[in-house]
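**Student:** Two chains, two frames, a set of hints: combine them into the complex.
Protein chains in written order, with our numbering: chain A, 1170 to 1630; chain B, 10 to 665.
Hints were generated in silico from the structure; no laboratory data involved. We put the CB at the ideal spot given by N, CA and C, even for glycine. Keep in mind that a hint or two might mislead.
Claimed, not checked - Listed next, the in silico DSBU-like pairs over lysine-lysine satisfying Cα-Cα at most 30 Å (straight line):
{"hint": "1", "chain 1": "B", "residue 1": "LYS12", "chain 2": "B", "residue 2": "LYS134"}
{"hint": "2", "chain 1": "A", "residue 1": "LYS1425", "chain 2": "A", "residue 2": "LYS1523"}
{"hint": "3", "chain 1": "A", "residue 1": "LYS1425", "chain 2": "B", "residue 2": "LYS160"}
{"hint": "4", "chain 1": "A", "residue 1": "LYS1293", "chain 2": "A", "residue 2": "LYS1201"}
{"hint": "5", "chain 1": "B", "residue 1": "LYS160", "chain 2": "B", "residue 2": "LYS134"}
{"hint": "6", "chain 1": "B", "residue 1": "LYS426", "chain 2": "B", "residue 2": "LYS12"}
{"hint": "7", "chain 1": "B", "residue 1": "LYS259", "chain 2": "A", "residue 2": "LYS1536"}
{"hint": "8", "chain 1": "A", "residue 1": "LYS1458", "chain 2": "B", "residue 2": "LYS160"}
{"hint": "9", "chain 1": "A", "residue 1": "LYS1594", "chain 2": "A", "residue 2": "LYS1458"}
{"hint": "10", "chain 1": "A", "residue 1": "LYS1421", "chain 2": "B", "residue 2": "LYS160"}
{"hint": "11", "chain 1": "A", "residue 1": "LYS1594", "chain 2": "A", "residue 2": "LYS1425"}
{"hint": "12", "chain 1": "A", "residue 1": "LYS1440", "chain 2": "A", "residue 2": "LYS1502"}
Unchecked claim - To list a few chain A residues with every Cβ distance to chain B over 12 Å, as calculated:
{"hint": "13", "residue": "LEU1197"}
{"hint": "14", "residue": "LEU1270"}
{"hint": "15", "residue": "THR1325"}
{"hint": "16", "residue": "PHE1362"}
{"hint": "17", "residue": "ASP1412"}
{"hint": "18", "residue": "VAL1416"}
{"hint": "19", "residue": "GLU1433"}
{"hint": "20", "residue": "GLY1500"}
{"hint": "21", "residue": "ASP1545"}
{"hint": "22", "residue": "TYR1573"}
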Amino acid sequence: MSAKVRSAPTVVKEPGVKTSAPESPSTLPIWKRLLSPLSSLRLTVLLLAFGVLVVFFGTLAQTDDGLYLAQNRYFRSWFSTWSPLSEGWRWIVLPLPGGYLLGVLLLANLVAAHAVRFKFTWKKSGILLSHLGVVLLLVGQLATDMLARESRMTFTEGEWRNYSEDFSACELAVISDAPGDNMAEVVAIPDRFLRTGETIREDRLPFSVRISQWLPNSEPIFRAPRATNGPPQATQGISQRFDFISVPETHKMDEKNVQTAIVELTDAGGKSLGSWALSVWAGEPAMAKSARTSWFRRFSRGDAGGEDSQARSLAGQLYTFLTAPQTVTVGGKPYTLTLRPKRYYQPFTLQLIKSTHEVYRGTDIPKNFQSRVLIDNPSRHERREVNIYMNNPLRYAGLTYFQYQMGRDEFFSSPVAHSVLQVVKNPSWLTPYVGCALVAGGLLVQFSIHLTLFVRRRVAA
Amino acid sequence: MKKHLPWILCAGFAVWFLSTLVGPTDKGLAWEQLARIPVVNGGRHQPFESLARNALVQIRDRYSHYDLAEERTVTAVEWLAEVLFDNERASHRKVFRVDHPELVSLLKLPLKNDEKDPAKREDGKHYSWAQIISEENVAALQRESERVSAKESSQQNAFDQAVRKLSSALSLYNGLQSSARPRDVQNYGQFLSQFARSLDSGATLRETLRAKYAGKEIPKDNNDPLLRIGGQVLVAADRESESGERTPSKIPLLLPPDGTEDWSRVNSRLAAIRGGELLPRALLAWANLGDSFAARDTNRFNAELRDYGDWVRTTFPADADHAANEVFFNRMAPFYAAMTIYVVALLLALAYWFNFEGWIREASFSLVGLAFTIHTVGLIYRMVLQGRPPVTNLYSSAIFIGWGAIGLGMVLERFWKNAIGLVVGSFLGFVTLVIAHNLALDGDTMEMMRAVLDTNFWLATHVVIVTLGYASTFVAGFLAIVYVLRGVFSRGLDAATQRAMARMVYGIICFATLFSFTGTVLGGIWADQSWGRFWGWDAKENGALIIVLWNALILHARWGGIVRERGIMNLAIAGNIVTSWSWFGVNMLGVGLHSYGFLNGAFQTLAAFVISQLVLIGLGCLPLRYWRSFAGNSSASATSNRPTGVKPGRTTTATA
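Excised from the complex, chain B in its bound form (with noise of 0.2 Å):
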């Protein structure tokens, strides 16, 4: 039975992932065909679902929302859609999320209550658009944001940043609000066709109103639909077209080129229809999706869906199939399932070392292979997606550090079958990945790339070789920690594991220099040929020349003889701090052309990481007679060459 754990573990989890390919069905509203519009957003062509789910992220911290008063789950399209076509609904929707409590008392939200009716049920960290904006607190954010955005982003505490969060993710709900239909349209269809009727032939919104009003008084009641609506439409228009400080970047554009030149926003296109023009065909749809939404008429909205879907598959088959591929990648969501199997991966291979049964480790192995296998296929299928080598802004590069470091891990389990290259593998495999989760909650991990960026080849090398660099340096910081635990408070380090690892750790930093080297000197070509230097002293340039000291200097003081196997252990250890300083510490300095983006909040993450190294580095410093692998020997033991016949795993059982 056991000779086949390992292949039933594998082959259930397998399953599990799979079975999560296969998409709900829709009963009532058919979410599934909206989730496949295609849309574009911040310059990037992609499905109506990751505009839902990447504005949802960022205001809710969650890709969905539970919703209290109703008792279920609404889906990021689903809620989007609320707040396209039905304002009302969303308004009172609880996705603000509030944290600091000295915002909460600002803006006089209800605290967390445990009401038996559903609908006044408060759970003191979400909130509607409804409670939030009453003039009073508009006025207030207003105030704080002004504030806030006058100090430097160093400078700023958890209130301030609090605040900055709540203004941009107001700022985004307010864009999205009015993107698929102007505002104050109460019936989208008839708005159309009076606003198509009302146009003087061959002139635009702008010209007719012009035309109407030149030299008269502007009626102050505001009778006149035209004027009222067509006012906001104009001003909305002329806000999109701005660029600069008020960037209109958060509103998406849903509106295929159809007598355009490119793809539009819906106000901006209304601004330049023409009287007597056809309305173009996207724009009718929409409004029709609306109506039908508003009115909750599942069946007029699922046909004008379905009509739409088929019209943009046969005119924009790109961007139909690419929308398509993207809703079956957020399904997958394949770092997730890695994430998940690395968990049980690790506990299972931890477990070997209190009880050396090889189906456990097994096991463990054929688990990490899996996700490994999960995790390459995420990676393939995202760099598919944005036609760019894997790394190409913070998140990816957790994740192909995760990627790396898991590599490494199983080539060293295929030589020393010690379970160790599996700890530490799966380890950092779903450490990475929750940092990548993290790091996702920012908004599109898909980002289009800068100018300065937009270059596959450096992508390529540069930046894939000094992720590996960082990668390797953290394998053998994190065996070197493995070695230390093990050594102190365990009796499991014994001769040969300690002369196993010690080659590991030495044979990774190798590795390590290799990569970090030559990424780093490829990173300075790069500048050279971008902007004339080879090397300027950019903190992120800084940061990864530390690593490659920091791992020549192992190299030598191990060559030297200045330190022996502890001492490497101990420099390895320090590498991670090195190494973590380098992929966000710099980033936090807010100086340099890599400081692409402020880490709000991760800066005590960050210190936490580093005293913990620090205490780990203090461990291994401790005299030998305080690590139980070694009391009871001579201090010497560490470092002589005891034969050791026994198996020494038993031993550890036996004791443990």
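If we strip away everything but chain A, and leave its shape as in the complex, we get (with noise of 0.2 Å):
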């Protein structure tokens, strides 16, 4: 009938108060007392306090900026400051360290504790081999943030690509027929140089190019024969049929901004050659194919099944205008102008040879996304088909193509589908998975030390 609460009528010594005494500063290296205010735990808890702020702060943000701008601002960044959405909080204006800063201070911090303090015992070994961890995903999340690249492959059945697409990033390309058999010469300006007002003048180029002016982000409108619309936007190719108009930068995840550019060319001797409308909407053919489509989908809208046709007809005719080539001819030799997404060129080609996509019975709810892809690797003297399905990506000559997206081209009575598979290009891409098993491992060593101990002290007492 007694109640029984254990106690141990022992003086315990209190956890929590157990520093490492150090040395008397004095008897110290120079280089330790130097390094000892780097090395001090108040500074690691200060770091992942901040941390944790930084990471919910970047979080929140997301939901404004979308993923992409919010983590340049907050976690590729040294520092960031935050501030509320509603508007009338817009005054409020946080401070917080970047991403990179902790990430820096916290390895400095973690190098410089074990450099000062840190003596190697078998009880510690577990804190040793976890800490070890911690510095090589750091490093590795640094290293992934400046070597890695993300790109897109795009294609229908049958297509074969030896190239991938960047995402956002565009390229002004002037494409020349070159000597040799089915050779093409391109000279493509990245976009980091097409800004309103700048000129670029190129060595390989018998013309020099002024934007007159660039749209980060564009629409298409079909310039309605004999409306009063005001002058076209340049005087030749595309910009006959259509005006593209600015429309404002997108962030979110599922959108993307479609460059537009007006360009003037100059010859060599100073005359103008003209000048064009380049956009994306053209160059890229998925964006020209999702501007068929949209356009069918306003023709055919609200009218009965009988005049598909008609609106299929009308928004083809409107797709070729929009992908009709634009050439200028100097000295006799015609040159292709295009604005398109950035290219990265691989030494081998992938060809899509069929595309599945699986949902559940009677649902929309995606089963499975499956590519079967034939890789044709010639220096390698490879020729074999692969299945590229999700969570089962091709890793393939340092590049990793993941199965991203699948989508149909609804304008066709029989709809083509297309693969879109992401392609990375990671060189550290290994470091996690080492950094976590030792993390892992050393935190399981560690605990299990401290646990057997207690079990022991328990069941001795």
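**Tutor:** Here you go:
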């Protein structure tokens, strides 16, 4: 009947005050004395607290800024500030350290702490191991940040590609025939040079390119014949049929900015060769097709089914206008101008053999996306087929291909399926695997040591 | 006597639980037979009963319906049978829950009254299809839902959400109404035979109609039944085959493969039948069931059901078995039983603190053990039914967090035997099961996994481990709450308990760090496997990272001597905020890859929880002279090592 409350009436050391008593500072070598402020646990705790804040506000900001922008502002930066979303509270400005600053300081703190204070004992082997893992994770993430590159490869069944395309960056490509079979010479101007008012001169081109207008995000508007909608934006090419209007830039995950440049070409003698509207709407097939589908939808809306063919032919015609090649001939040689997503070439080709898109019976819930792809790599004498599907990427030649999306071009009455692969180049992809194993193993060792000691004491008591 | 009390109590609850496993026997219509008929919905094979329960819960927030006019409970199976076969009767059942007063007044629905005549009684919350669907109301709802759907979900207010919920309930009901037979068909059997006869040989319905009316004007009066109802069939079939925005996924597939490749919907199947073909066995069965149900012909209904049941069991044994097992699982309701027992165990464990009688603690412990066993059985049964690891969605994460918390609580109790592990474990078990119950109101909790999640390996490793991380962080946080509450409001926090609790919290935080770190990084590896990036700063990833950072912070602060016992307790309580943010908060942002479903109304609950935790931290920060456990002692006593030879529990009872 007596209540048993276990208590150990012995004097037990208060947990939490077991700071390792440092050697008196004057006896320390000079480098240790210099490092010791950097090695303090107080700094660790402070940095971790800031880490919590930065990650929290960086997540909140995603609702407004979108993932990409928020990531750059809060995590890939040295300093940042956060302000509330609602208008009335915008005056509140919270300064925060950026992800790089925290990462570097944490790394320095960790290394310094081990250099100054840490003495190896088996009892502490777990701590050492897991901290080594943390170092690897931090360094690996930094390396990924600097070295990794993501791009996309979009193709329909039967098509082949020897390049992938950047999701946001574009380039102004000037394409001309090159000597040799089926070869073309491409001069690609990266989009960082494409700013309103810039003039680009390039030795390999017999003309200079002046950017008279740069639209970071745009929409094509068809110029209805004989309607009074002002002069065209340029003198040549598709600008006669389309106006490209500026629209606000988007930061949403599932939307992209579609750039347009109005350019004027001048030959070596300073004579104008005319001006052109170059747009990613025309230069990226997927965008041109999506424009065609939305025109088709708009034309056929509200009409009975019979009108579909008319809407289809009208949309098809606009598509032909939009994607008509734009060329300039200088010195008898034609040059094709296009604004297209930035390309990354690879020394082999992939061909989409078949794309499979399964849903659960009677639903829209995707069950499986799969692309069957032919790898053709003459330099390695390889020619083989492979399946890429969700959670089963293809790792090949330092690149990794992931099944990203599948879609159908609903413009055609029998829709054509296309597949989008995400192409990732990340030389340090293995570091998180090793880092994770080290930290988890270290924690496991450390806590097991604690636990066995504790259980042994408990049993003895 | 008291020695045996724990076992008597435990046996009593065990008997109660086992007694629920025995299903009711049918008097009259064979509901139990109907419940077991397999169907496919949302891509998932399930019994008719699950279809009915999950539909009713989306409409009414309950798994059964209490009918005010008839003064009895209508089961989900009976309700769905009425919806499928007896439109008239079903349309007067007041099953649509309309809570928002402005929506009630917009639709001019009657308010609560206490009429003597049961038929005229209104409860002011539930309305029938017939009451809601007037021409005027349909237009008003249409207008409102167009306005709401233009808004982002995070901008919608309570009224908007009520509109959205009612619209989706109405569309679900509307889909169900015509899922067993074409709209406007009165005598189903007669219609089918007439239908089969009027098809041209070898031609489908569409081809027959085309041939019949080729070049002719379609008669205005629509006297031709084939045209009148056939037209409805074709419209419905076309809608069923559509995908995209107007997804037909709310219409169940009632017909098993029978001359077709896969399960099919009734209208689509009718549209595919060619003249001269035999009608599918299942279609005839549903027609007979419908007609006999509408005519209230119990014998014919039961006989047909028996026949069809036998046929399904021999032809599709796997589906029939699966359906029967799931009906058993629905009946067992293990999480509801566990929830009830956790409450009793919690009350007993709390009672032990006021009256240190050993048997109370033992009783509580054995009840927690019983409930934990039932909880575990439920978890495993679900895993087997679904063929998946335990955590597949938010609902199952709640169940698993509860399970993990109880497990840890029981381990703590075995070591310390002071009922603290029991209180924390049974409290968390109860609360998480309540949360799970509310999450289940959205419909099927065993929905199919999207392609990217369709990997048992990562679900079993990343998801399970990260969820255990949540569970252990919560356990540490609630232990700390017990510390603060007992310290401030009672004299029960003596030195021994303090020490014990400090160790518990520290140990659990170590566990939490290990689990949350490993789980988070495994998530990163999964992301690397499926998208090619280890870390993408996705909202849910960030939430998990915050938990890891927070736990690491607590450990380093302790190792550095920056905080002591009380500081650790306060930090651990803050860990509750951090974990609830990661578990639910990030889903409310509506961004990122993990935002599966915006949680209506959950925001207020989360905010209230966060505030309560801040209040507790405030209490924990009170100077020690305000803590009852330390009042009268010097303020240093909280951290001193007062030897306690006396039994501290006794002093508590003396003063409490």
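**Student:** Are the hints correct? Go through all of them and say.
**Tutor:** Evaluation of the provided hints:
1. At roughly 49 Å between alpha-carbon atoms, LYS12 of chain B and LYS134 of chain B are farther apart than 30 Å, so this suggested pair is violated.
2. Using a Cα cut-off of 30 Å, the hinted pair LYS1425 of chain A and LYS1523 of chain A holds, with the two alpha carbons roughly 27 Å apart.
3. At most 30 Å may separate the alpha-carbon atoms for a hinted pair to count; LYS1425 of chain A and LYS160 of chain B meet this at roughly 21 Å.
4. Proximity of LYS1293 of chain A to LYS1201 of chain A is assessed by CA-CA distance (about 21 Å); at most 30 Å being required, the pair is judged to hold.
5. With a CA separation close to 26 Å, the supplied pair LYS160 of chain B and LYS134 of chain B stays within the 30 Å bound.
6. As the CA atoms of LYS426 of chain B and LYS12 of chain B are separated by approximately 17 Å, the hinted pair is consistent with the 30 Å bound.
7. In summary, the hint linking LYS259 of chain B to LYS1536 of chain A is supported, as the alpha carbons are separated by about 18 Å, within the 30 Å threshold.
8. Restraint check: the Cα-Cα separation between LYS1458 of chain A and LYS160 of chain B comes to about 28 Å, which is no more than 30 Å; the hinted pair holds.
9. The suggested pairing of LYS1594 of chain A with LYS1458 of chain A holds, with an alpha-carbon distance near 28 Å, which does not exceed 30 Å.
10. Annotation: proposed proximity of LYS1421 of chain A to LYS160 of chain B holds, straight-line Cα distance about 16 Å (limit 30 Å).
11. Proximity of LYS1594 of chain A to LYS1425 of chain A is assessed by CA-CA distance (about 21 Å); at most 30 Å being required, the pair is judged to hold.
12. Our distance criterion of 30 Å between C-alpha atoms is met by LYS1440 of chain A and LYS1502 of chain A, whose separation comes to about 17 Å.
13. A cut-off of 12 Å between C-beta atoms confirms that LEU1197 of chain A is not in contact with chain B; the least separation is 19 Å.
14. LEU1270 of chain A, annotated as away from the interface, keeps every beta carbon of chain B farther than 12 Å; the closest lies near 15 Å.
15. The claim that THR1325 of chain A lies off the interface holds: its Cβ sits roughly 20 Å from the closest Cβ of chain B, which is beyond the 12 Å cut-off.
16. Its beta-carbon lying about 29 Å from the closest one in chain B, PHE1362 of chain A satisfies the requirement of being farther than 12 Å from that chain.
17. With a least beta-carbon separation of about 27 Å from chain B, ASP1412 of chain A lies farther than 12 Å from that chain, consistent with its non-interface assignment.
18. Look at VAL1416 of chain A: its CB is around 19 Å from the nearest CB on chain B, clear of 12 Å, so calling it non-interface holds up.
19. Residue-level check passed: GLU1433 of chain A sits 40 Å from the nearest beta carbon of chain B, beyond 12 Å.
20. With a least beta-carbon separation of about 45 Å from chain B, GLY1500 of chain A lies farther than 12 Å from that chain, consistent with its non-interface assignment.
21. Against the 12 Å criterion, ASP1545 of chain A stays outside the reach of chain B, whose nearest CB is about 22 Å from its own CB.
22. Non-interface call for TYR1573 of chain A relative to chain B: violated, since the shortest CB-CB distance, roughly 8 Å, does not exceed 12 Å.
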